[in-house]
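Sequence order for the protein chains is A and B.
Oh and the first sequence: position 257 is 257 in the working numbering, straight run, nothing missing.
Oh and the second sequence: position 174 is 778 in the working numbering, straight run, nothing missing.
Heads up, a few of these hints could be off.
Negatives, chain A to chain B, calculated, CB over 12 Å [what the hints assert, rightly or not]: (1) N6; (2) P144; (3) R361; (4) E362; (5) S483; (6) S511; (7) R514; (8) H527; (9) P532; (10) A556.
One-sided and incomplete, this derived list gives chain A residues near chain B with beta-carbon spacing under 7 Å [unchecked claim]: (11) Y480; (12) R551; (13) V554; (14) G561; (15) L570; (16) E571; (17) E575.
Just so you know, these hints were derived from the structure itself, not from any lab.
Note that CB positions come from ideal geometry on N, CA and C, so glycine has one too.
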Amino acid sequence: MDQYQNQIRNFCIIAHIDHGKSTLADRLLETTGVVAHREMKEQFLDNMDIERERGITIKLQTTRLNYQAKDGKEYIFNLIDTPGHVDFTYEVSRSLAACEGAVLVVDATQGVEAQTVANVYLALDENLEIFPVINKIDLASADPDAAKAEIEEVLGIDASEAPLISAKEGTNIEEVLEGVIRHIPAPGGDPEGKLKALIFDSYYDNYRGVVIYTRVFDGEIKEGDLIKLMSTNKKYEVTEVGVFAPGPTPVKRLRAGEVGYICAGIKQVADARVGDTITLDNDPADAPLPGYKKMQSMVYCGIYPAEGEKYESVREALEKLQLNDAAFMFEPETSTALGFGFRCGFLGLLHMEIIVERLEREFDLSIITTSPSVTYKVVTKDGRELMIQNPSNLPPQNEIDHIEEPLVKADIMIPKEYVGSIMEICQERRGVMTHMEYITENRVALHYEMPLNEVIYDFFDALKSKTKGYGSLDYEMLRYEKSNLVKMDILLNKELVDAFSMIVHESKAYSRGRYVCEKLKELIPMHQFEIPIQAAIGQKVIARETVKAYRKDVIAKCYGGDISRKKKLLEKQKEGKRRMRQFGRVEVPQEAFTAVLKYDENKK
Amino acid sequence: MKSLGLYIHIPFCLKKCNYCDFLSLGGMSEEDHAAYTEALLVELEHYADRNISLDSVYIGGGTPSLLDPGLISRVVQRVQSCFTISEEAEITIEANPGLLDKNKLTTYRGAGINRLSIGAQSLNNEILKLLGRVHDREEFVRNFHLARECGFENISVDLIFAIPGQTHDIWMDSLEKTIDLGPEHISFYSLQIEEETPFYDLWKKGELKPVDDQGDRAMYHSAIDRLQSSGYRHYEISNAAKPGYESRHNLKYWSMDEYLGVGLGAHSYIDGRRFSNETDLSRYIRIAKEKNCAGRRQGASPWTIWFHENTVEGEMSEFMFTGLRKVEGIRLSDYEKRFALPVTAVYGDPINKHIETGLLEIDEKADRLRLTAKGIDLFNRVLVDFV
């Protein structure tokens, strides 16, 4: 091992939501002087609004810290933050692969929780050293001994030396920094070897093009190098090499064991895929680093400009988002109800929600999303195979021989007391259990084969709700399987609204139809006339609700002092109308399109 | 000479009613009343201009009849000394049954007040109790006759319908009994449960079950039929009058005519500007004592706390949503005179849309754009397209 490598530590922080990952990261930055206290917004690393609000990290942020240790030496810490949701498991695994160790943050008042377990297992898969710390010791209900015992019992990790800290108050932060040096190994790798560098994230910068986050395993990379991405064999010339301190800061080179960024005139992030290996074109490595997977869209939905919104603005925004998100795909499509729009592909439902929220917030767009769908394989009677993502594109029933749907392998981890209720919701969703195992005395892993369309519908919400948030889920594509699927349509005032059409299993059609009708009844405001809402398979109506006609909407009094106030009321009412979409004579609030898909425990 | 309506606010009540969200204070002392009246006189003085002609004066509340009648006299005298009151002026005072007596009524008449608006609300004693009113039916009837004896030839009665627990029959009975008394003007309001009232709290707790829209409209439509067959003209959403007795003052609000409001929280509309007064009683009085104008916006008074200069679009939409409250609607030529554009040029789309929905009708010959009977019930649905 080279001398410089001894003074490097590459690590991430693993924690359950709310256990204080971001606060600890902030504190480490502050203690090492990377970010002055007064400049700190809370939770520096989570720099997207949506992340901050949901308390989850989606986009990775990497920072380099310089730490003057008690042994008198100066260390370089590369703190690699990880996202924390099932949709992003692959991204998590790649950023873990860039580290030698992980700081495991456990809340002294809560102990070990589901998400922690899932991420610790991912980290162990990558052979990372786990360094536990106990957070929130400032709280009255803190029980550090119990938290330590749980870490040892549930995760099998020695917690005897875990520092007791309060990230919020800044207590014992130095012990964490010293512990990182002691517990987490320095990186290895041969700086003289052939270049092998892992892409663990990337983002698009208006001036530099794609900025690649990389961990160098062997060799070195510098400005002017001609590099090759091993999965695509595409070649680029490196224009900049740097580290995050925390803003991008150019350096001469990155050597084996180091973490930083490179720019090479790459036009979109899809060309620099997470997990890919960078090597030198004229002296390439023999084999890429293990673990590369091409990310595939699992969930699709339509995104349409809402009333008064421009198609072009939506397209431009989608293009910009795609520059930065290799897992997000879109192509134009049309709907009779919604006009011109886009069919978009996502890693999962959360990924979809994030994109939608970003379109609304960052780009200030007003959009409508249609029911999420998976890709169905339709085999026609004349033997053609069609891949269908939009229910409206399904051929007529009489031309279809059969439909196949994607099955996934779903791994569910839950405390044992929830086994019964989770088996029930899995069964309701046509899941077939392959096996079940006890991970610890209290924790159970259930392994299922389940149709993906059931998983994306509301499974994750149901799982979280039934297990009080302790359940975790991971899934991966298994195979296509023949299934008894039908297309269910929704008719408003006797007119079919194609944006609501969905493909469902025949056994679920009645309950789903009833649910959608009920939900729409709640959401569609009263009109001057009665509105029948119907769910139908072909010509057969399977569920029906009615929105009554309104009879009265009038301000009784309007005298001198009321005029301005009443006008405001009308303006507010108008604002509400603006968010409506007109179908024939029926106005539908935009949120209806996603609301019909949400898990609602009271409706089950 | 500029012609204005004048509104004077008296923000006191014996006690606040359970449904009321107006600016009024219960349980204040006579000293408070007097101090407030003094401040009111100062504010009137602030606007003094003999070149302003008042063709309507409206003393509203609160409960103006709660005050010592001498205070009311002083207020009216001050109005007379500050402005020119036109000969035909309508001068109204609001009164609550139970708080009227011969002395008050003759004092009002003596001061020149020629119209009385009585807040009867219901002629059913149980309903009155539920509303939290301080009077009963018998007191109202006695007061009404007394007012006639004292020379009031123009009396308006306020009624409320769609009160929880009030059946269609109870409502119609109150209306009948009121019509039998023969007031010149009747206002009939559908009860609105407003926030920050005891009714609102009860409703939130599920202890007050509002009359449903169907019941509400049945009461409303029956009332209009009954009033019309008794010689009343339905002229505004919630108002009916014998011909010639439409409230001249209130019609100003619905015709975008100018008015000045004085007193606590009062609103004014002059020269395309809307502004309103301080709503805190002690501050209102203090300003009168100091008359400190520092920091106040230009064009308004030292009491002004809110000021808004309407845009042309704002003027247009207010013209529509106040004007269409009148049953006969707006005069097409009035709109054109005021804005130098035909109304169809500005509001062509919403007008056509609602003619199609059957909520609006245009009558070029009669020079009118008005709501249909159904349109009145769905007033907000129509007017939302005009703001």
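Okay, the hints, checked on the actual structure:
Listed as outside the interface, A:N6 is consistent with that label: its C-beta sits roughly 67 Å from the nearest C-beta of chain B, beyond the 12 Å cut-off. Its beta-carbon lying about 45 Å from the closest one in chain B, A:P144 satisfies the requirement of being farther than 12 Å from that chain. No Cβ of chain B comes within 12 Å of the Cβ of A:R361; the nearest lies about 27 Å off, and the non-interface call holds. With a minimum CB-CB distance of about 30 Å to chain B, A:E362 clears the 12 Å threshold, and the non-interface call stands.
The Cβ of A:S483 lies farther than 12 Å from every Cβ of chain B, with a closest approach of about 46 Å, so its non-interface assignment holds. A:S511, annotated as away from the interface, keeps every beta carbon of chain B farther than 12 Å; the closest lies near 31 Å. Here A:R514 stays apart from chain B, with its beta-carbon at least about 26 Å from theirs, past the 12 Å limit. At the 12 Å boundary, the C-beta of A:H527 falls inside the reach of chain B, the nearest C-beta of that chain being 9 Å off.
Listed as a non-interface residue, A:P532 keeps its Cβ farther than 12 Å from every Cβ of chain B; the least gap is roughly 19 Å. The beta carbon of A:A556 sits about 5 Å from the closest Cβ of chain B, which is not more than 12 Å, so the claim that it is off the interface is violated. Interface hint at A:Y480: violated, since its Cβ lies 50 Å from the closest Cβ of chain B, which is beyond the 7 Å cut-off. The beta carbon of A:R551 comes within 4 Å of a beta carbon in chain B, closer than 7 Å, and the hint placing it at the interface holds.
A least Cβ separation of about 4 Å between A:V554 and chain B falls short of the 7 Å threshold, and the interface hint therefore holds. For A:G561, the suggested interface contact is upheld, since its CB lies about 4 Å from the closest CB of chain B, less than 7 Å. Using the Cβ-Cβ criterion of 7 Å, the hint placing A:L570 at the interface with chain B is satisfied: the shortest such distance is roughly 5 Å. Checking A:E571 against chain B: minimum C-beta separation of about 5 Å stays under 7 Å; hint holds.
Checking A:E575 against chain B by beta carbon gives a least distance of about 10 Å; that is not within 7 Å, so the hint is violated.
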